[in-house]
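Trainee: Sequence:
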Amino acid sequence: QVQLVESGGGLVQPGGSLRLSCAASKSIFSFGAITWYRQEPGKQRELVATITSGGSTNYADSVKGRFTISRDNAKNTVYLQMNSLKSEDTAVYYCNASPSPLPGYGYWGQGTQVTVSS
Numbered sequence: 004q005v006q007l008v009e010s011g012g013g014l015v016q017p018g019g020s021l022r023l024s025c026a027a028s029k030s031i032f033s034f035g036a037i038t039w040y041r042q043e044p045g046k047q048r049e050l051v052a053t054i055t056s057g058g059s060t061n062y063a064d065s066v067k068g069r070f071t072i073s074r075d076n077a078k079n080t081v082y083l084q085m086n087s088l089k090s091e092d093t094a095v096y097y098c099n100a101s102p103s104p105l106p107g108y109g110y111w112g113q114g115t116q117v118t119v120s121s
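Residue 4 is where the sequence shown starts when you use the working numbering, and the numbers rise one by one after that.
If you're looking for bench data, these hints aren't it; they were derived computationally from the structure. Glycine included, every Cβ here is placed at the ideal spot set by N, Cα and C. Any given hint could turn out to be false.
[To be verified] Label pairs and their calculated CB-CB ranges:
1. Q4 <-> Q42: 20 to 26 Å
2. S121 <-> F32: 39 to 45 Å
3. Q47 <-> G13: 36 to 42 Å
4. V5 <-> S121: 18 to 24 Å
5. S120 <-> G57: 16 to 22 Å
6. S87 <-> E43: 17 to 23 Å
7. S56 <-> Q6: 29 to 35 Å
8. S103 <-> P17: 32 to 38 Å
Kindly generate the complete structure, drawing on both the sequences and the hints.
Mentor: In structure tokens form, the structure reads like this:
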């Protein structure tokens, strides 16, 4: 069973930054894609950013230019650097590791809360 452990969430003021981490219990090269999703209460989970095993990245329009997804292969960890945070970025952020290049399948972490508020 694969485990994904997210960390790095918290409370930050608008305009601030946070870096989320998703640590996998096995090599991240074994997954076709690792994706960050987020979910606000009462809303559907939405894709934030994806990185494939080949290193390709994809971002939601709402975070382009502000968020960066990256990986550390030696640590089996994927990061989400979030800059210029806005109140609308407040959500629970989840890490997903999919066996194929299509995100949303496979394994999920437990989530980490990000709250952007003054």
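Trainee: Which of the listed hints are not met by the structure?
Mentor: As far as the earlier hints go, 3, 4, 5, 7 are violated by this structure, in ascending order.
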